[in-house]
Amino acid sequence: MSGSEERVARLRILRGQEREAGHLEEYEVPNGVGGSVLDALVWIRAHVDPSLAVRYSCTNANVCKECTVLIDGRVAFACTTRVGAEPMTVAPLPGKRLIRDLVTDIVPPLEHLSHLSIDK
Amino acid sequence: MEVNTGVLVIGAGAAGMFAALAAEGIGASVLLVDKSLVARGGATVMAQMTVAAAIAHQVPDSPAAHLADTVAAGRGLCDESLARLLAEEAPDRILDLDGWGVGWAREDGHIRQVIAPGHSVPRCVYVDFLNTGPAVARTLHTQVNRRPHIKRVSNLYVVELIVVEGRACGALAFDVETGVPVQITAQSVVIATGGLARLYSRNSASANISGDGYSLALRAGAELVDMEFVQFFPIGHLAPRLVGMDPIMWDPFRYKLGGRLLNGNFEEFVERWGGVDSGKYISTRDLVTYAIIKENQAGRGSPSGGAYLSFQHIDETELRRAFGPIIDRLERNGIDLTRMPVEVAPIAHYHMGGVKVDTAMRSSVKGLYAAGEAVGGSNGANRLSGNALSEAFVFGHRAGVEAAAFASGNEASVSASIWRGAVLRHEERSKQKRHADFPSPTSLISKLQAEMWSNVGPFRTEVKLARALRWIQECQRMLLELPLGDDGPFQQTRTDWYDLRVLLDCAECVTRAALERKESRGSHQREDYPATANEFLGHYGISAQREGMALSWHPQEQDVAGKKK
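Protein chains in written order, with this note's numbering: chain A, 166 to 285; chain B, 529 to 1093.
Bound conformation, chain B alone (with noise of 0.2 Å):
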């Protein structure tokens, strides 16, 4: 089956869906696909959180500050260009959203802001209880329902990008449903895949988070920076099991409540590794991770190996009014929180690197363009939390922009023998032969999550590293081994082979990068080289050369127009 369009979004979560509705409002043909649902995978309805953006109906306030506080959790790393356009565009996609009708919390009349970790003023807006992902994702989907030249397709998967002469021409996708292949012809592309927290074991992510986009502009030809900088959220749930409900639930309580965060011998701790706490909640995400270890390294971990969140000291009507109708979930849960703590620990959540691009979003590769999650770079050695979203509505937003006013006058045009090649090289994958004895797909995607949690987690050595790379670079070879899924319809094992080869791309980029960053900084600490090293002020590229991965070094750049303002 043959498409063209003029801008194909790959991704339709709130990066993707912004990329559709700016592309399509300057008078773009836009192809939106998803390998799962449009609107309904992915991380943005996952969001249960906050988004930060300088509007100041709450107090004074102004993108200069939302830049310095994203800078200030960055470490040092900020591409600080990118950090810029987020603070600054941020409120205008706030404001959009508000006239969507997205029904962000209001009190007084106006839009209702609240503090999160990092932040130096209350400057985070949300649709309350757990509802900012799903709110936004909804709002977002009516609007590119409403748009005439706006297609949508589900259950597309992507596979590899057609780049003719150097340029993006479009995509190989193939029908998740029935394996067909797809050849979509496209004057530009953006990537708004999101990130790879499926890559560990212990993650927040939704199934289909794999790092597609990483993998995609890699193997285009792309560039790919802050690859070893992934953010483990340092609150996950842990335990007693919770079902239908999101490990990450627990933060927007802290925030609203401040629930007090104590070691297996119920004292507060999160000071003695350099934060602050007190149940104020105000210390960084890469500081908590790496304190809730270090008292578990110390021995002084709760029972699962996390720590405990307690809500005991706080009033049970006060309790009731801010969890709302989430605290009968947890009764259902066997969760009682004014009898007992629960337990959480540290869990992979979102990726701070990603594709190198510049403040139009443009990629090393023409016509290639990224958005959201899928962009490295803006939030250097760690994310400054509510940022998460806001880059995706900025991003995705620009992305669009660019990508129709590059597709304006640039026809693209890839040639038959060209799509022969492509669709060849899916097709040759159907046809290997089956071992008995070897794994399957599905089964090596949770040994990868195992070796990738146990070994390029949170906490990294030169041993751990170099044994995952190893394991990777098998896994890789074993990989060409296998053969796609049986025919017939849905066939997960396809889509699992796909996404193992992706998996296993970001596994290397992320190990390697990790190698050669001989220092700690923000989520990427190393027990061989604790201390921050000037000379690692900088960030590693990587790109896919003939002989394997190369690694570029980068030294950071001053934002020299922003130091002036």
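With the rest of the complex left out, here is chain A (with noise of 0.2 Å):
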């Protein structure tokens, strides 16, 4: 037990408001806090850097769909991908607008707040 806690998963993060001028910055996760990259990402957020902006909802139940990203280049659920021994690098979804590090617009347009105002 004690072995498996002081082993860490290493988390290499693109972050930035640019995909081109983007950086990544790694991390290191104690294999503890869980087993998913969602958990990694959630534990990152509230121990070592809460300005990394990363979207999800459900946390663990793979409904919200909220969540995906690009893992080691495949688009893929951050919290059904479980983290490995080797690093990994977790990238914003493509081929959507990029806000932030991992977040992307996948907001309907109908449901934007700008839709909202173009129709008054």
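By construction, these hints were calculated from the structure, which means they are not laboratory data.
On a predicted model such as this, the values are computed, not experimentally measured, just so you know.
Do not rely on the hints blindly, as some may be mistaken.
Said to hold, decoys possible - With a cut-off of at most 27 Å between alpha-carbon atoms, the simulated DSS-like pairs for lysine-lysine come out as follows: (1) B:Lys975 x B:Lys992; (2) A:Lys261 x B:Lys679; (3) B:Lys679 x A:Lys230; (4) B:Lys959 x B:Lys975; (5) B:Lys959 x B:Lys822.
Combine the two chains into a complex, taking the hints into account.
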């Protein structure tokens, strides 16, 4: 038990507000904090860097689909992907407007605040 | 930015969407907002289980029988007028959804109804393979999208209700992406923000179930009720680590298959603490939670501090049929149910307390309504399984109808100076200086969750509750010194700041009411007062006064009209 607690998982996260100008930041997360990439991201926000932006809601039920990101180059849910022994790279979802860090614009167009003001 | 609407609905889960549909249906313009995504954030989409309604498709049943079961589970404390409304109108709402194509499981040409703990007959409808919540959310979302007079906004965070001369007239919100304040003038307001399970480190809630509506209502001057009653779901998943599955997923399989609950010595134990088990799965949630904790206190817990849930006595073909595709997802998590039990333990799940309303869903503030889990009272000291979605549908619909009726002919107007004050309060928080050695609101949220789990969890004592209250008050003082997040897009430290404020308001309400209730009843168990006492047959109300939160006592009302029937 104690052996696995001491091991760390390594996440390289693409950060910034522009994809081209983004930079990778590496974080170490104790293995004991949970099994999924989302658990690791939530732990980083609470314990290391609250400024990391990541969208999530249902946390581990695999129903809200808000935590969709690019993990090692593949589109995946952060909540269903296990952290592994090898360092993993996490980047924002491609094909959507990047807002910041791992957050992209996945809000349906008619549910945007801007739509409300245009409509009035 | 300024917006005008007839009815403002805060929270876009089942209660909020039902309210929006009902209000629009009788001619109101509706603005439906959610701090996450419409129909995707919140608790509804996570509901894996069943919905209780006396539609009597499976066996003879009646709203009166549903009411009787609800009241029995509530340990004497249900607001019977609300529970009656729930039982009487739930069938109509189930049929609304059926007509909209939700896909209730069927057999022999009728909607299939199954038994769930605390119900006297098979009464609970569902969509198969853990899809009840997603199917309900998707179906309501489609309906909402089709209505021309419902405007929807995702990622809009409401921080303050605007009350003018005792009447709710709208809200100040900010856009989560940009932080820009949005002034919403509304003729009536419906709070449909769900519960507060995120207050606890072990919870089955989505990240946005922080109790926003309780805090908004309290700060607007409305009264809350029954805040000490937090429901702990007894068999939340504990070990081995399960990735990508809801921790409360075991429940539907227990009632399909009858999984056995065993202690660390592989003995059945629920009987020992006054329940019934033997794979029958009929004991209510408060009782099973109590039994699991008591076994652990006696040194007979499972290795991770819970109980075993075993399906090993069930034939593999039968398991595969009942679990469907879920069994493969379990396999990917290294769980083979034919060979091993899993470990389960109580987990914060639902809140019985909430905004005090009458049967028209009116709060004590004019023009302010509540719906769904945000409402307090209908479930008493322990909610009957299957009633959460029913109350979201019924109370949502009712709140929508009533809020729209109030909005019609009741123009709201908010003066420029009131708006200026609200916006300033929001903006001044951004200008707070950052102290390098201060913790972030983000880290304080996880500390608060740990504090609540340890000291205001399923088992409570005077000493632990008093300790928690001191911690909460200390944290409230600290919060005022903490700056809102930096500028820039999607600053979650900004939402974390407001989430922490909301969570602290709720934590204080739960703890204060729990301190006063010196007895054990339903989900509120006091180790120092283990008996249920008649003198506590009533409700603590909480309201915000100038000098702080004030508690008031409301004796339990007998539902005289109901008794005569």
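Quick rundown of the hints versus the structure:
no.	hint	verdict
1	B:Lys975 x B:Lys992	holds (16 Å)
2	A:Lys261 x B:Lys679	holds (23 Å)
3	B:Lys679 x A:Lys230	holds (23 Å)
4	B:Lys959 x B:Lys975	holds (25 Å)
5	B:Lys959 x B:Lys822	violated (50 Å)
Checked against the numbered hints listed earlier, the structure breaks hint 5 alone; every other hint is satisfied.
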